[in-house]
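Asks: Chains A and B, in that order, are what the protein sequence lines are.
Quick note: the first sequence, position 149, residue 1048 per the numbering used here, numbers continuous.
Quick note: the second sequence, position 68, residue 70 per the numbering used here, numbers continuous.
Everything labelled a hint here was simulated from the structure, so no lab data went into it.
Where a beta carbon is used, it is the ideal one built from N, C-alpha and C, also for glycine.
Be aware that a few hints might be false.
To be verified - Only some residues are given here: those of chain B computed to face chain A with a beta carbon under 8 Å:
no. : residue
1   : 65
2   : 240
3   : 244
4   : 324
Unchecked claim - Incomplete in silico selection of chain A near chain B, CB under 7 Å:
no. : residue
5   : 950
6   : 970
7   : 971
8   : 974
9   : 979
10  : 981
11  : 985
12  : 988
13  : 1000
14  : 1005
15  : 1026
16  : 1027
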Amino acid sequence: MIQAEHIQFAYRGMEKVLKNLCLNEEAGHCIAFLGNNGAGKSTFLKCLNRILEPQGGFIAVDGLEIKSSSRAQIARKLAYVEQRTEMSRLTVYDTVLLGRKPHMRFAPAQRDYDITDEAIARMQLGALKLRYIDELSGGELQKVILARALAQQPKVLLLDEPTASLDLRNQHEVMRTVANIAKEDGITAVIVIHDLNLALKYCDRFLMLREGEAFCYGDSGVVNPESIRAVYGVDAAVTELNGERFVMVL
Amino acid sequence: MKEQLQRGGQGYRSFIAGKRLFLVFLLALTALAFLLAIALGSSSVPINRVVSTLFGFGDAKEKVIVLNLRLPRAVTAIIAGFGLGIVGCVMQGILRNPLASASTIGVSQGAAFGAAFAIIALGGGLMSAGSSGMQLSVTSPALTTLCAFAGSMLSTLFIVALSRIRRVTAGTMILAGVALGSLFSAGTTLMEYFADDVRVAAVVYWTFGDLGSTFWKDISVMGAVVLAASVYFACNCWNYNAMQGGEDGAKGLGVNTRRVLILGMVVGSLAASVIVSYIGIINFVGLIAPHLVRKFVGTDYRYLLPASGLAGAMLLLFSDTAARMIAAPIVLPIGAITSVLGAPLFLWIIFKGRWKQ
């Protein structure tokens, strides 16, 4: 579904931020990008849909070679949920309808309205659809942006710290929704996340980054005391409860 | 009809109908302002006679007042106001700065510099005898217009060139515009410092702004440019909507943000340049108009764009009528009247603090 080979990136005049990163994932998986601040997680995420232009490497999503594709073509395959959405005085409905932007020419067609209605119903935003998004709470806004991403009908969902600044309940609600979307729609979800326990609970694949390089990549087994110490520089224990793994910082 | 019924459900349809109704209301207000602008003045013509004359039934005196004197002025106000309104609306959107307008990014200052150069260095303006004593006039309007246009386009070209050499963001673009505006203002001041009184007065007269100096030929050029800009902006409404959420979010929605930003600035600056070069500096219309209507239509560019245009046209029509009425028969400078309206709005924006988000 998504294949990234030897991705390299450096900001203008700076040292390389990403060094030969690779990612190869099939549909239906939730992949967590883990690592310290500045490890390159968000940069790698933004390279995947060319928000940042990688200086080397190859990316393909569902058969589409990203480097030679137009922005609209990319947006039809990859939806991006930014870390912080700037507020505007658009209604919830119009914001979700924006998700159809890569598919429309000058104006939305009937199919765009139908898909928007579906996304709103699925995210249970019907009661809010005429509210302006600058009046919503953080949790509600995140659901709106997820609905917008759903309306894009992507193959890959890129989420940059989707739970940052959300309360405990909303953190779990957002992550549960993303995991369900990935399973039900056969979408690959790539999530930049700091909370290891949230990642372990809802994701099934993990890429741990250290200084722009992949430290380890695989299933939940790669998140262990050694990798946590190497990547984050803290001592931690990983325990199991009811079949789920938890990280406790010592 | 069936298709319309399915779009977004009953609530959304009513909501959109409300926005459309507001546009119709604005259109009606603009039409009223248009009729009043023609009817009122040092010699008033009743509105019913204005309408009759517009349809070719007026007497000779009414035809002179309505068709020859006030109609070109009112049409100029509509086109220029609409143009400045939509340009301000788009610039505020793509630069994500509620204080962006043609005068903020150096276009107006560039035009003033060009006009000053034409009047002072190329001898385009002097003092002449008029019906109410000595009058200042621009003796070579074509030359002054051309130089004003060249000056304002210099600002635009500089910003575009800058964006090609270095990758500029919306923030750096507006800062570059402010710096360039200061540079042009300094250039104008220096030219005025070394010029004689008559020429300085002619430059000041030009910068006051004047809706009464355009001929139908000029109005057609302005109209064509504003129409072309309107069509271009209308085709990009969804891009502007997407860019409100931030650059990364817009890219994620398939928007080529750099292209939309640069082309929006070029088209907007071009339209503003043409308007300013014909009628002089009209401050605040492009800034105020979008703010006035945003509260009613939100920031959905499908509605904000036409609403800003209509609000701009209405503002300029009312300002021009006020400029002609307040101290009739003297016509006050239109630029001063629009600034009187703009200053309180600036204060309102600052103290309300809504744009800080």
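Asks: With reference to the structure, classify each hint as holding or not holding.
Replies: Hints versus structure:
The interface hint given for residue 65 of chain B is broken, as the beta carbon of that residue sits about 43 Å from the closest beta carbon of chain A, more than 8 Å. A cut of 8 Å between beta carbons decides the hint on residue 240 of chain B: the least distance to chain A is about 5 Å, and the hint holds. Interface hint status for residue 244 of chain B: upheld, as the beta-carbon distance to the closest one in chain A is roughly 6 Å, under 8 Å. Because the closest C-beta pair between residue 324 of chain B and chain A is about 30 Å apart, greater than 8 Å, the hint is violated.
With a least beta-carbon distance of about 5 Å to chain B, the hint placing residue 950 of chain A at the interface is held under the 7 Å criterion. The closest approach between the C-beta of residue 970 of chain A and any C-beta of chain B is roughly 5 Å, which is under the 7 Å cut-off, so the hint is satisfied. Interface restraint check for residue 971 of chain A: the shortest CB-CB distance to chain B comes to about 4 Å, inside 7 Å, so the restraint holds. Interface hint status for residue 974 of chain A: upheld, as the beta-carbon distance to the closest one in chain B is roughly 3 Å, under 7 Å.
Look at residue 979 of chain A: its Cβ gets to within about 3 Å of chain B, closer than 7 Å, so that hint holds up. Satisfaction of the interface hint for residue 981 of chain A is found here, the shortest Cβ-Cβ separation to chain B being roughly 5 Å, below the 7 Å cut-off. Checking residue 985 of chain A against chain B by beta carbon gives a least distance of about 4 Å; that is within 7 Å, so the hint holds. Against a cut-off of 7 Å between C-beta atoms, the interface hint on residue 988 of chain A holds, since the closest Cβ of chain B lies about 4 Å away.
Annotation: interface hint on residue 1000 of chain A holds; nearest CB of chain B at approximately 5 Å, less than 7 Å. Hint on residue 1005 of chain A holds. Least Cβ distance to chain B is approximately 6 Å, under the 7 Å limit. Evaluation of the residue 1026 of chain A hint against chain B yields a violated restraint, the C-beta minimum of about 10 Å exceeding 7 Å. Taken as an interface hint, residue 1027 of chain A does not check out: its beta carbon lies about 11 Å from the nearest beta carbon of chain B, beyond 7 Å.
Hints 1, 4, 15 and 16, counting from the list given before, are not met by this structure.
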